[in-house]
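Enquirer: Protein chains in written order, with this note's numbering: chain A, 39 to 349; chain B, 39 to 349; chain C, 39 to 349; chain D, 39 to 349; chain E, 39 to 349; chain F, 39 to 349.
Hints are computed from structural coordinates only; laboratory data are not their basis. Since the structure is predicted, the reported quantities are computational estimates derived from the model, not experimental observations. One should not assume that every hint holds.
Because identical chains cannot be distinguished in the list, a pair is counted as satisfied if it fits within a single copy or across any two copies.
Here are the simulated DSSO-like cross-link-like pairs (lysine-lysine), alpha carbons at most 27 Å apart as the crow flies [claimed, not checked]:
1) K95 to K51
2) K46 to K182
3) K126 to K51
6 protein chains.
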Amino acid sequence: MDHLSQLKDTADKITSMEIRGAGRIAKAAALALRDYVESLEVGSIGEFNRHIENAAKLLVDTRPTAVSLPNAIRLTTQYTSSDVYEAKEEIINNAERFIRQANDALRKIGEIGARRISDGDVIMTHCNSNAALFVITTAFEQGKDISVIATETRPRRQGLLTSKHLLDYGIPTTLIVDSAMRYCMKKVDTVIVGADAIAVNGALVNKIGTSQLALAAHEARTNFLTAAETYKFSPNTIHGEFIEIEQRSIDEVLDRETLADLPELNVLNPAFDITPPKYIDLIITDVGAVPPGMAYTIIKDHLGWEVSEIV
Amino acid sequence: MDHLSQLKDTADKITSMEIRGAGRIAKAAALALRDYVESLEVGSIGEFNRHIENAAKLLVDTRPTAVSLPNAIRLTTQYTSSDVYEAKEEIINNAERFIRQANDALRKIGEIGARRISDGDVIMTHCNSNAALFVITTAFEQGKDISVIATETRPRRQGLLTSKHLLDYGIPTTLIVDSAMRYCMKKVDTVIVGADAIAVNGALVNKIGTSQLALAAHEARTNFLTAAETYKFSPNTIHGEFIEIEQRSIDEVLDRETLADLPELNVLNPAFDITPPKYIDLIITDVGAVPPGMAYTIIKDHLGWEVSEIV
Amino acid sequence: MDHLSQLKDTADKITSMEIRGAGRIAKAAALALRDYVESLEVGSIGEFNRHIENAAKLLVDTRPTAVSLPNAIRLTTQYTSSDVYEAKEEIINNAERFIRQANDALRKIGEIGARRISDGDVIMTHCNSNAALFVITTAFEQGKDISVIATETRPRRQGLLTSKHLLDYGIPTTLIVDSAMRYCMKKVDTVIVGADAIAVNGALVNKIGTSQLALAAHEARTNFLTAAETYKFSPNTIHGEFIEIEQRSIDEVLDRETLADLPELNVLNPAFDITPPKYIDLIITDVGAVPPGMAYTIIKDHLGWEVSEIV
Amino acid sequence: MDHLSQLKDTADKITSMEIRGAGRIAKAAALALRDYVESLEVGSIGEFNRHIENAAKLLVDTRPTAVSLPNAIRLTTQYTSSDVYEAKEEIINNAERFIRQANDALRKIGEIGARRISDGDVIMTHCNSNAALFVITTAFEQGKDISVIATETRPRRQGLLTSKHLLDYGIPTTLIVDSAMRYCMKKVDTVIVGADAIAVNGALVNKIGTSQLALAAHEARTNFLTAAETYKFSPNTIHGEFIEIEQRSIDEVLDRETLADLPELNVLNPAFDITPPKYIDLIITDVGAVPPGMAYTIIKDHLGWEVSEIV
Amino acid sequence: MDHLSQLKDTADKITSMEIRGAGRIAKAAALALRDYVESLEVGSIGEFNRHIENAAKLLVDTRPTAVSLPNAIRLTTQYTSSDVYEAKEEIINNAERFIRQANDALRKIGEIGARRISDGDVIMTHCNSNAALFVITTAFEQGKDISVIATETRPRRQGLLTSKHLLDYGIPTTLIVDSAMRYCMKKVDTVIVGADAIAVNGALVNKIGTSQLALAAHEARTNFLTAAETYKFSPNTIHGEFIEIEQRSIDEVLDRETLADLPELNVLNPAFDITPPKYIDLIITDVGAVPPGMAYTIIKDHLGWEVSEIV
Amino acid sequence: MDHLSQLKDTADKITSMEIRGAGRIAKAAALALRDYVESLEVGSIGEFNRHIENAAKLLVDTRPTAVSLPNAIRLTTQYTSSDVYEAKEEIINNAERFIRQANDALRKIGEIGARRISDGDVIMTHCNSNAALFVITTAFEQGKDISVIATETRPRRQGLLTSKHLLDYGIPTTLIVDSAMRYCMKKVDTVIVGADAIAVNGALVNKIGTSQLALAAHEARTNFLTAAETYKFSPNTIHGEFIEIEQRSIDEVLDRETLADLPELNVLNPAFDITPPKYIDLIITDVGAVPPGMAYTIIKDHLGWEVSEIV
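Make a model of the complete structure from these sequences and hints.
Expert: Okay, here's the thing in structure tokens:
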């Protein structure tokens, strides 16, 4: 397989969702670019620029809504030299740094977030977020005596995975149905969830139900944290773009039999909802704990987007 | 079977939950008292009083937390005469009036509540409340073009029953998971739910998740109604009593296999939660549409409780 | 003109809006009933009852949405005797008492409301309410050093009438456009407005803009009072009825020339809006200062409606 | 001392504050009236009426702002007979019933309020209220494992009395300065305070700082209860009257030396503040636990005030 | 006319308001500086610096409260070279870039903002803002099926201009009086208004009534956007300066006749009000959609102000 | 004493609290570093780096929770040259600039903050903050007619110091107990307090009671400002660190005698509380007036912390 084929192969795997998950997609794209550049043999910088542009476009187009993809490609393809060999070097270094940081992001988030957990805390979490779990387990491994309330997270019940993960660590865990969030909130010290994306105004896109949980936390003066790798911050939202809420299959909610019984029943199965920034106390990222209002700064300073070039 | 045996038989059926549901329990108790009184043959009013008191106590003790039971017995046993035959007559009339009104309550609630539904409204409901459904179907039968969003209502998924009931009427219905309440709220005109009990301060005891729904409605300036027969108003709360939140079996939440896999998992499965009165716009009862602050007046005027006799 | 003709004459004048205004309509109806009864010569109580019922219906039907009309008729036609002459007497007394109380209502409201105004207060008012003005002028006549901010109240600019009325009393008055309510609110001590109707849950139906003013007062922790004669409380709302918001003519908003220039322009000109009870501190009535949650009690105790007879 | 002298003697003691405290004042007035009536020897009912009226006025005028005084006198002097001997009998019975109920009020409040306290609760209280303390100690004596946070309550530091009282019962007690209310609130389950007066709209007049505490409880979704004997409900507020906030001596805040050092320093020392009803969950009275919106009903039904006679 | 005269001529036209409007003022100032510099013939850089400083001061002083003026001059006069010819070149380039960007700002705002408008949306707007209208018409031209509610905007009724503009595009438009904002809000999807200035904390200075509209949107969970060119961000507010609210002529509110009738009437006619940042979801600028909390960053990064040099 | 001894001497004085107060500590550390560097005679840059690192560590370790200490040391030790003499020069310049700016910070804060004070304002302040007092006295010296309400600030009653300071300037001052904050709030135009630290999300750490005051200001739509030197912004909070709330001695709250009387009494005496950013309108710093959401930018741009190096 030649170098372009390999890149296309990665692109296909992202399209077909063989490669999935914000982190894995991002790292695969950076790696594919690195490998492609390494083997690229061109004479002029102009030709080189065109090749890189095309490769970047090819990758970005695989999943137009994946928030981590443009971030990975952007950071990887930022080179300044007009000498082809130096430019190659820059891209390879960029790709490797990106992968290294992505690999290290969860550990950093765990350490930073664990500082917000105190001994004796009751923590509530929703769905099954690696980043949120890193925060909880890091705090536990520091010897803090904590317990967790995990929501079931219908329709796919990721709360069971979360419960299993926490119980394997020995962390006392209680499962509740999603409707019981507010009922349990008065006794909770901190809510911590993951993030599918963070918009420019600090709004959090995450598993359906998150905004309800944040609202209940806000009502009870309970801290609400989200744990998000920097590559989850969405640069497109600076351009005013909405983050589209994916509607998922009815099958996740109803089994075949029930569907057959109720053929006229409409089912709405949104994958995510949007939590307004006013309900979020802090975003725990791999570059620090920042308030939601700082999302724009993260996008500008840590992801390298120049707002002036938009539109 | 003699007359006391019959009353005891009803009591047993309430205890064993062969007779269940707030309305059915209340009517069975009133009927049992009527039958008992009818066949009761005593000489003095003193003896009569004692018999009635014992019968009432026997019935109340079957389900100490059933809110409709003391209301039915109270209303039935309010007699003023000191002549045994007249007193009997009073009790029989009371019982029959109570049963008649209870039978008619849903129709009245339907008519009163339907006035709060406008043509074109999108209505959200939770769980499977007869009273709330009467309001919706009455409005639909009046020719109003409405549609309904029904929540799934984990763990027992009563939202499927609700959906089936509404679709049978031809009302367009959309099912959502409980976590999607807030996501859908901005487009909802009115939320209407049932009631397990109404406390003296107008707080609503209802299926777990109701308070979360009310909070989301409040946040979006959406009307929130509850439909409650008068016998759902809880007189004991005047005495300061909490309404205890029943914790139900883990089996409702997890199947056996999952439980076996996660033996250390704690599951909290509250049947109800409490919605504070500030999130409730109106309570639709069979004697009118009243604000939550009027609960005390309903208890006093329509259920006949004298607060001065408490403690 | 015979006695029935006279009653019909009054009915016609109410229909044609020759008689208008909540107070005037109510008193005219009570008077018409009194006169009609006085001249009525019938033998049996059954016949008498039928006549009264018909007369009442005839009057109520003239303006189905006028809130004071059913109150006046209800209070006037409450008789208990089954002796025709005594029943006549009762109705005549009822009518006269109603008229006397209605005539005295503004004075009482003025005295009760003035107690809520302190020396040095800045008061804001909206539209041109007699009851609200009575409160303000009574306080001023008690020697309190007050000033008033009057909103213009588009489209009919009743704020000019209000300003003139207050300046005639010598009360310093400032006019603002309706958009400046929030701008001025921080320096206001008390907002006081009138009422077109009070619903069973204490919601206030009043001139468009009132709910916005109440919202701004609530945001700034400023007291918000409404002054309402008891006959403004709407008994139909107990039955769940909405108070319909009248849409008024476009001509009030745009002159002919502008309309001709913009033929496709849609204009929405609602006469009233609804202020939720949570934004109202007290309702100043002629029987006392009551919180909005007491509306049901006023309707029951002071207007004589039995909720049990509804539907 | 003749009978009128005795009544005047009581009046003087109330004026001079030899008799002080809402409960003691009320009972003294009822007793004085009873004794006066007992010894009163008059012929005609007209003369009797005049004597009673004068006696009532004499007592009411002693402390125009004492909320319990008019309640005690009102309830005592409600007689219906036009026979002097029967009227005397009524008054004597009224007085004795009032005193009996007043004596029993704290015990009833304790029992009713204790039902709102759960095992394991952390309770916060402000100042030194007998009624609030009865609730706490009753719950403790029922075996509930509770602890209390008591605020210091500057300037007179009644929190020390409260702490001593609770520690004598063996209840774990923590003292904080008034500024630390919000800091501690997240861990509090229920706040309970006393009442100097309850206004018709359910607003609570109580020790300065109470409204701040209620605001902090509201922010954190913590229950806020006030314990108030029914004679604390203020009938005058129906007439629109403000409850005046007494300004107390500077000496309570600053010692002589400091005052001498800072002669230009102004000191504002309000005795009370007003907590709006929206921050109050329940009022624990001797006739039941009622929401603040029910204050009007308590004044009407339990204190016997007819609003129609006002102004 | 020599080069300085031309600059003074522009200055005079700004002072006399012959040149008015934030954008036009800013561009005129940049142009005047460019022309002035072009023709400036000086030897030393020191002399050059002094001339530029004087020219800048002369222009800034024309309208001390115009927020766009100091921004235009600042951006134009930022040169780094100490060679006169290079410095000239820099200033000319700066001026031309500023003018180019200002000319393009509305188009960019339109494109960015239109992404926040969805098919089927009902939009509310206030006054007559070019930037807000660009957002709406851009969305419409993208084929989105939208409709607009325009407020009248007393006293100058700019809502009529807005309505005409939108109807000319074929966009369905409804006019309402300013008092009807809250009445209509429940059905609105997005509110979008313009900006006179944005303060450092993201507070919005805009036409009187804007803050009321934002409050009503916030109450109903409706998105609230403001469209603002970057030169509307006010650097002086970093120094703590208030943005003064201009009071405009009484004549705008009342005609001569009414004024003559009511000579003692005070009229308050504020041109603007201030909307706190917590009620603003996003600011649509020509460099992206940013949350209000980012105002400081815009001022620093896009307008070139160094906070360290202040005071 | 050699140069290292001098540095250790300063360190000891900070540890022993001979040098105390955020500003004094920071300046002492900068000065100690300057003196140390000045006298340092080393050959290689490597050796120099090690010495500086050790000196910095020695100073930081003296008071791990002092927020100004790491800021002073960070700003002082930022040198870029790898030439020892140049690096020395840089450090000396850094130290002197830091000290100059710290000395000038209060004056700048006074000037910036005074712009937020208008003629006629009533200002409330808590505790005894130099920065807040500078704002007030600067406004007064500008001729603004202002008055101040100072809270007592138990337990140490710093409100008396504040009152004395203000009265010495001739500013009318009223003292209140801490519980009266909300009672007085409706008449207050602006609240201004100092800061012990500002966290990365703009949360304010300040004297116990501050968050209560902010809550009451927020409830009444009153502006709430905090005055904070830039060196009060806490860089560690970017790493997720909590700012620990110091618990101070019981003796501050109770005298010995009372303690002896109540040996089982627990006393909680937190020195600070945390005010959430949503209750803060502006932070007045020496580099401008910024919204709380900008704290991260201040830490990054003005204190020189690189978030990427953390963990």
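Enquirer: Indicate, hint by hint, whether the structure satisfies it.
Expert: Tested hints:
| no. | hint | result |
| --- | --- | --- |
| 1 | K95 to K51 | within (16 Å within a copy, 50 Å between copies) |
| 2 | K46 to K182 | neither (47 Å within a copy, 36 Å between copies) |
| 3 | K126 to K51 | within (25 Å within a copy, 55 Å between copies) |
In this structure, only the earlier hint numbered 2 is contradicted, and the remaining ones agree with it.
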